[in-house]
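Build out the structure end to end from the sequences listed, making use of the hints.
Residue 28 in the working numbering sits at position 28 of the sequence shown, with consecutive numbering throughout.
Hints are not guaranteed to be accurate.
Restraint ranges, calculated between C-beta atoms of paired labels, are given here [what the hints assert, rightly or not]: (1) 24 <-> 51: 27 to 35 Å; (2) 115 <-> 21: 14 to 22 Å; (3) 40 <-> 112: 32 to 40 Å; (4) 75 <-> 26: 39 to 47 Å; (5) 49 <-> 75: 13 to 21 Å; (6) 80 <-> 26: 29 to 37 Å; (7) 113 <-> 24: 34 to 42 Å; (8) 23 <-> 84: 13 to 21 Å.
Just so you know, the hints here were simulated from the structure itself, not pulled from any lab data. Just so you know, even glycine gets a beta-carbon here, dropped at the ideal spot from N, CA and C.
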Amino acid sequence: MPTRDIAARLAAALDVDADADDALSAQRSAFIERAVGEDLVDVSYRTLDSPFGLLLLAAGRNGLLRIAFELEDHAAVLARLAIDVSPRLLESRRPLDAVARQLEEYFAGRRRRFDLHVDLRLARG
1 MPTRDIAARL
11 AAALDVDADA
21 DDALSAQRSA
31 FIERAVGEDL
41 VDVSYRTLDS
51 PFGLLLLAAG
61 RNGLLRIAFE
71 LEDHAAVLAR
81 LAIDVSPRLL
91 ESRRPLDAVA
101 RQLEEYFAGR
111 RRRFDLHVDL
121 RLARG
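This is the structure in structure tokens:
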């Protein structure tokens, strides 16, 4: 049975109200906008589907901090970022839209160079 069928059946069984889901989603979006707008977030992160699996993208105020592969355990990577950079992390797509767009273009063969700010504070060598 496909996962969506299971989710739909569970939602129906629990009588989940779509309007309540929409309201919760709107509140979450408003919270994220405000937190980012008021400079309360030090590290924004999101995921991106890629030919290599799900990537975790993380950026700080100075640019891209980290790209993590799925096998690295995204939760562990976020925990490490909280220790090494700041515990003020928030899942927020907008600060990473340019990174995601350029990576998608690269994976599609439409980009060969990147035009991104990179925060090198985690670089070792």
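A quick look at each hint next to the structure:
Between residue 24 and residue 51 the Cβ separation comes to about 33 Å, which falls inside the hinted range of 27 to 35 Å. Checked against the given bound of 14 to 22 Å, the beta carbons of residue 115 and residue 21, roughly 37 Å apart, lie outside it. A hinted range of 32 to 40 Å holds for the C-beta pair residue 40 and residue 112, which are about 37 Å apart. A hinted range of 39 to 47 Å is violated for the C-beta pair residue 75 and residue 26, which are about 27 Å apart.
The hint said 13 to 21 Å for the Cβ distance between residue 49 and residue 75, and at roughly 18 Å that hint holds. Here the CB-CB span from residue 80 to residue 26 is close to 32 Å, well matched to the stated 29 to 37 Å. At about 40 Å, the CB distance of residue 113 to residue 24 agrees with the hint of 34 to 42 Å. Here the CB-CB span from residue 23 to residue 84 is close to 36 Å, at odds with the stated 13 to 21 Å.
Violated hints for the displayed structure, listed by number in ascending order: 2, 4 and 8.
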